[in-house]
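Engineer: Here the protein sequences come in this chain order: A and B. Heads up: the first sequence begins at 1 in UniProt numbering, then just goes up one per residue. Heads up: the second sequence begins at 1 in UniProt numbering, then just goes up one per residue.
Quick caveat, the hints were computed from the structure, so don't treat them as lab data. It is possible that some hints are incorrect.
[What the hints assert, rightly or not] Simulated restraints on C-beta separations:
id, chain 1, residue 1, chain 2, residue 2, range
1, A, I452, B, A89, 18 to 28 Å
2, A, V459, B, S86, 24 to 34 Å
3, B, Y484, A, V21, 19 to 29 Å
4, A, N76, B, F407, 44 to 54 Å
5, B, S384, A, L447, 24 to 34 Å
In this text, all values refer to a predicted model and were calculated from it rather than measured experimentally. No residue lacks a Cβ here, since even glycine has one placed at the ideal position from N, Cα and C.
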Amino acid sequence: MHLYYYTMTYKYLIPLYLNKVLNEKLVFMIAVLFRWFVSLHDYSGKSKPPMFGDYEAQRHWMEVTISLPTTHWYFNSSNNDLLYWGLDYPPLTAYHSYINGLIFNNVLPESVQLHTSRGFESKFHQLLMRYSVLIVDLLIFFPAVFWFFRQFFKIKNNNQISQTMAIGIMLLYPGLILIDHGHFQYNCVSLGLFVASVANIFANKTILTCILFSMALNYKQMELYHALPFFFYYIGSVYETYIKYSFFAALRKLIILVLSVLLTFLILWAPYISDSKQIFQVVHRIFPLERGVFEDKVSNIWCQINIIYKLRNINNQTMATICLLTTLISVLPSCLDLFKNPSKIKFLLSLINCSLSFFLFSFQVHEKSILLVAIPVLMYSPQSPFICTWFVFITTFSMLPLLIKDNLLIPFISMSLIYFIVYSNIEKVFSKQKETFKLNLLRNLSLFGCVILTICSIVLKPPQKYPYLWPLIISSYSCVHFIAFLIYFNFEQLMLQIPKKKLY
Amino acid sequence: MTNSLYVMITCVKLLLLPSYFSTDFEVHRNWLATTYSLPLNQWYTAKHSQWTIDYPPLFAWFEYFLAQIAAFVDIDMLSIHNSNYSSNATVFFQRLSVIITDFVFYYGSRKCAQSIASLVKSPKINKKKYMDEKEISIFVIELLLIANITLLLIDQIHFQYNGFLFGILLISISHILKGENYRGAFWFTVLLNFKHIYLYLAPAYFIFLLRHFCLKHGLRLALKRFINLGIIVLSVFSISFGPFVLNGQITQVFKQLFPFKRGLSHAYWAPNFWALYNTADVGAKITYKDLNKINNNSVSMTRGLVQEFEHSVLPSITPHITFILTILFMLPCLYKLWKSTRNPISFVRCLVLCGLTSFMFGWHVHEKALLLAVIPLTLLVFTSSNDCSMFTILSTLCTYSVFPLLFKPFEFITKSLLLLINVSFLYNSGKFKSLNHIEKLYLISLGPLMLLTEVGWMVLKFEQRYPFLPLMLTSFHNSLGVFYCWVKYYLFYIYN
Numbered sequence: 001m002h003l004y005y006y007t008m009t010y011k012y013l014i015p016l017y018l019n020k021v022l023n024e025k026l027v028f029m030i031a032v033l034f035r036w037f038v039s040l041h042d043y044s045g046k047s048k049p050p051m052f053g054d055y056e057a058q059r060h061w062m063e064v065t066i067s068l069p070t071t072h073w074y075f076n077s078s079n080n081d082l083l084y085w086g087l088d089y090p091p092l093t094a095y096h097s098y099i100n101g102l103i104f105n106n107v108l109p110e111s112v113q114l115h116t117s118r119g120f121e122s123k124f125h126q127l128l129m130r131y132s133v134l135i136v137d138l139l140i141f142f143p144a145v146f147w148f149f150r151q152f153f154k155i156k157n158n159n160q161i162s163q164t165m166a167i168g169i170m171l172l173y174p175g176l177i178l179i180d181h182g183h184f185q186y187n188c189v190s191l192g193l194f195v196a197s198v199a200n201i202f203a204n205k206t207i208l209t210c211i212l213f214s215m216a217l218n219y220k221q222m223e224l225y226h227a228l229p230f231f232f233y234y235i236g237s238v239y240e241t242y243i244k245y246s247f248f249a250a251l252r253k254l255i256i257l258v259l260s261v262l263l264t265f266l267i268l269w270a271p272y273i274s275d276s277k278q279i280f281q282v283v284h285r286i287f288p289l290e291r292g293v294f295e296d297k298v299s300n301i302w303c304q305i306n307i308i309y310k311l312r313n314i315n316n317q318t319m320a321t322i323c324l325l326t327t328l329i330s331v332l333p334s335c336l337d338l339f340k341n342p343s344k345i346k347f348l349l350s351l352i353n354c355s356l357s358f359f360l361f362s363f364q365v366h367e368k369s370i371l372l373v374a375i376p377v378l379m380y381s382p383q384s385p386f387i388c389t390w391f392v393f394i395t396t397f398s399m400l401p402l403l404i405k406d407n408l409l410i411p412f413i414s415m416s417l418i419y420f421i422v423y424s425n426i427e428k429v430f431s432k433q434k435e436t437f438k439l440n441l442l443r444n445l446s447l448f449g450c451v452i453l454t455i456c457s458i459v460l461k462p463p464q465k466y467p468y469l470w471p472l473i474i475s476s477y478s479c480v481h482f483i484a485f486l487i488y489f490n491f492e493q494l495m496l497q498i499p500k501k502k503l504y
Numbered sequence: 001m002t003n004s005l006y007v008m009i010t011c012v013k014l015l016l017l018p019s020y021f022s023t024d025f026e027v028h029r030n031w032l033a034t035t036y037s038l039p040l041n042q043w044y045t046a047k048h049s050q051w052t053i054d055y056p057p058l059f060a061w062f063e064y065f066l067a068q069i070a071a072f073v074d075i076d077m078l079s080i081h082n083s084n085y086s087s088n089a090t091v092f093f094q095r096l097s098v099i100i101t102d103f104v105f106y107y108g109s110r111k112c113a114q115s116i117a118s119l120v121k122s123p124k125i126n127k128k129k130y131m132d133e134k135e136i137s138i139f140v141i142e143l144l145l146i147a148n149i150t151l152l153l154i155d156q157i158h159f160q161y162n163g164f165l166f167g168i169l170l171i172s173i174s175h176i177l178k179g180e181n182y183r184g185a186f187w188f189t190v191l192l193n194f195k196h197i198y199l200y201l202a203p204a205y206f207i208f209l210l211r212h213f214c215l216k217h218g219l220r221l222a223l224k225r226f227i228n229l230g231i232i233v234l235s236v237f238s239i240s241f242g243p244f245v246l247n248g249q250i251t252q253v254f255k256q257l258f259p260f261k262r263g264l265s266h267a268y269w270a271p272n273f274w275a276l277y278n279t280a281d282v283g284a285k286i287t288y289k290d291l292n293k294i295n296n297n298s299v300s301m302t303r304g305l306v307q308e309f310e311h312s313v314l315p316s317i318t319p320h321i322t323f324i325l326t327i328l329f330m331l332p333c334l335y336k337l338w339k340s341t342r343n344p345i346s347f348v349r350c351l352v353l354c355g356l357t358s359f360m361f362g363w364h365v366h367e368k369a370l371l372l373a374v375i376p377l378t379l380l381v382f383t384s385s386n387d388c389s390m391f392t393i394l395s396t397l398c399t400y401s402v403f404p405l406l407f408k409p410f411e412f413i414t415k416s417l418l419l420l421i422n423v424s425f426l427y428n429s430g431k432f433k434s435l436n437h438i439e440k441l442y443l444i445s446l447g448p449l450m451l452l453t454e455v456g457w458m459v460l461k462f463e464q465r466y467p468f469l470p471l472m473l474t475s476f477h478n479s480l481g482v483f484y485c486w487v488k489y490y491l492f493y494i495y496n
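Only chain B is shown next, with the shape it has when bound in the complex:
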């Protein structure tokens, strides 16, 4: 059954081949060209395109291997001077590379669904019925993971390799769930060397492995395990970053990986705490000054390229502040994890909270980063009604918040129908039962919001006068929901 599910999802992805793709397509094409045409010591220094490699070295190696295959498909896409090159063969190759690497994700989700289902203790009813429910829960978790609409929209339409990376994350989580901590740590380190955004989840890993693996029995064993873990982590890092250290380029690499030059919020504000903050700032401005001036300022803030942006009324935020806030708000849940009895469910919850907290307060967060919380949360759908309701709200919001990325008219039906189908599936399978009325109303309000921002704006002919407002409305509305989820889930975790 699950095998045919893979075939089906792959078919859907193939059907999406001619969809719109964003500049990320060109970014990855350029990385293919860079890794193929230039020697190792120029990978992070090449300046021929604005899309320099800003992922860690393992990802660059991944692109290098892809490029070796791409050479057979269309050699022109590997030339560093062919910017914005998108022949049919190139599109086909790149899309297909995403679809094929997604099988890592399928593997990870199956492993995870199996290990989480065996962890959830059965209420003592007759054994046969329990077996049935277990099979169904494995299937549903797997379905919710691999048919994750957000991932589909981001990877297949917008174009990124998130499925493959989340697959590695899930493999790592499944090892931790089974108690194979070394393997879990290894895969997580590998993941970090593919994409460093997963650093958001690292504190939970660190605390869990330190407290519930190393410091479990006696000091000697602790030291031995700690050293072993250290060797694993360091060896992965040295393989990945070693060549660049030897070349003396390590500062350059890190400069590319952590570009603090970019603003607090992305061009379209991700629905986090700073979206609320920005909205408050705009609101304050409107109350102080006349309206016309504001429009001009706000346009530059929500549209256009990545840039630094000064708040006009509220104090401006620096990277340090966001960093401190993130750490500060992570501490309680990490403390709770430290104090909890060794329970992998608690670890997964802490992962979710770490992801959510960094999303709420991080510097220059993308809306896609919400997936860092949603994917681990999917595993907990059957653990408790609290987790389940949180998943329902967050996954819906997560999908909705990537909608502004897919703004082309052909994608309107695709994205709205996908969301509708997802929500009705969740509804039919009883996932909405655990929501209270306000939460239900909030989710329903997404419908009118979508109509207003996508269709209403065009009909009312407001897009000329207030082009920024739909985006602002969307991110304000969504950030309220995400903020609510964060607070509720945090309290649930602490007082559980």
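Here chain A stands alone, though its shape is the one from the complex:
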């Protein structure tokens, strides 16, 4: 970042000074601090019987996992009512709940008693729950991010921002903070494992990549959004080895890949392997076809089509097939390109493209799934910080209806404003070129639209006929952006020139 010190005018002086003073440790501490600030606020379903929210779901899983034997976790029984927040994540989540449950059982036993603890709420319990998220965040997500950017900055050197800035942009991303530490979920675990596995690809450690990504998949099945790029990247590189070296080198590589994935799965599914009924039940719980094509107001294609044509008329099986086909078509260019040229930067872009396609076209999408797109976008941010942060703002905004429901409006506004200010100061340091001016105007207009819609949805009451007017407009507004970004990122990937001497 030395070259920027030449432009010593007042406008850039203070951001440059801050750039000098704020090192990685400070960024780390500030990121933790903001997570804690958001933790002070309400969580989803606070004091809202009978179903409460995700906070209660996590607590309920602790209760179920420590009280019942492993083989009963996914089955409906008198002790495990699957209609009341039944486990619908893969086994690693269940193990995590189990460990958490053991700790809670020691510290606050009444919060994890079978049956009696439903809807348990207390200030101390909230503190423990918040700590449990913060700890896994610190243990998994933070190290993964630091590790990833260290590897990333080793390889590429035409980055526009420094490593500290990139880490700051990623760790302060409001969407993840608001969902994990406000709304209450453990996305940081699966996303952290995912980031770590990508870091390992950048460090050329194949086995670790496979293990970590399989773990991510086994924490949340939504990580499947990222699976295709991994697949095509490795298939492509195996094929390349075959062309360049020999058949046996390629075969050896393939066997290593398959074995490490299989072994990880075997170990994680150990309690269920013996019985096919168990496996089917778990898979059935994880992929619930009966739950409809989307939940609430999601900013994807189907929700927009639903405005004009009610998708409920189509039965779920057909709908799922349609979803599958459209998703496959939209990921095809990106995946084939990656297969042909398995380079690391294309891999990152392909991660963005595939996850965004999945978000826009696939079946059973939640509004929170946008986090799965935002994280790869943030990982790509050193290459084009302007577009990436713009995208990330829209992702946070697309979750606004959910956040309003959770009473997290103040943290949403504060965190977004802080993020914007942090980013605009970073921008002052790196941007000297003027050609982005028009795009800048467009970005500001788009963000201004977000502000207007936020104010509208707080202040204006929707007409009686359309009670979900504002969430719907917000989702359409975000959806338009996402489609545009999908086209942009696809274009960027396909146009990317691969250097002659490849770094792989």
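Fit chain B to the supplied structure of chain A, relying on the hints for placement.
Structural biologist: Chain B only, in chain A's frame:
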């Protein structure tokens, strides 16, 4: 840049909305209710709550105006019978009133940072570089002022209106720095009528204005200026206290403002000279008597409500003694100010010393009063390495010493991380370079102390047996540091 800084700090404050608040929240709510529901002549005589108004009348008027707005938010908070009322709207309104009035503080700090930067003479290097450094120094001073962690903890979590009041102080200082003495005097008088704790700083103002403004040229001009100043001060006071004088309530008002019934030290000893004195007293007792008896006595001394407390071995202290000691120890620095050439930097240093001295020896001092020294000291960060090192130690200590006020588990991470971030920011910006090894070690020792008193005590299960010890340890440890700072800075000022 600074504008976006304001937005950012405001956002942080908004994020802190659901934090714990102390009884001061109820105190201010009760004042809202009192000023709204009762006529003027009952403001200082109302007995419906134990939290009677103990700030001067301008603050009561301030609460009165707030109450007019509060009526639109939640009328129930303005009823004098709703004690401990804290609906969501009430919390939101009160917190928001602090956040919004803090903009006075931002204004004051910008004014002050600009005027102090123009006072600090540039070493004769090339002009462009000097300009750069000046801009950065303005920014850093402003940042250190408005992102003052102690103020954040006290105002946003514990709940008080210090930011707004310090804003008025900074406005007044900035006028003095620019040489606009009448305005400076006016704003300081206004400040005194908001909160009389700023009397601690009054001697420095008095001496500075008398010697370096009135008695500067000739007797006639001196008399004219003195009369002008007197008119300004008296008119502010008469507007504020006049109605109560007319009602014949002035003695009652003063009784509320200066409650000498409270003990020498607060329930938690502020880290001043008397904390050392109390510790010595406890130590002496332990050497004389058996341990069990002491514990019982000490509990009453460090925990529980405000009360009078008798020393058992060392002689007991009366308000008069503290008053005399304070004046006595202020005299040398005031004399120095009198003798110095007219230099506003010297005035700010004297302000710091007045604040520190009153903090060291005052009667029933709160730990927050250390801010009276720290805020003016922040302005001097770039003047000399001595000021800078003093600021580093004192501001850190000041933050640490308010920690016992925020004892709820949710605030543990908030306060410790805020302190850590503050210290590492100071470290990264090179403010630790001027410290010697002992001072560094002392500051580092705060870390283990915090672990011991906050976590260790819980793990060791000592809180049942020695509940008072963590607080005593904290205030003893901090008072050593503050005492050291006081002596060092005093000597630096006198021999400068």
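Engineer: Determine for every hint whether it applies to the structure shown.
Structural biologist: Cross-check of the supplied hints:
no., hint, in the structure
1, A:I452 x B:A89: 18 to 28 Å, "26 Å, holds"
2, A:V459 x B:S86: 24 to 34 Å, "26 Å, holds"
3, B:Y484 x A:V21: 19 to 29 Å, "28 Å, holds"
4, A:N76 x B:F407: 44 to 54 Å, "46 Å, holds"
5, B:S384 x A:L447: 24 to 34 Å, "45 Å, violated"
Of the hints listed earlier, the one the structure fails to meet is number 5.
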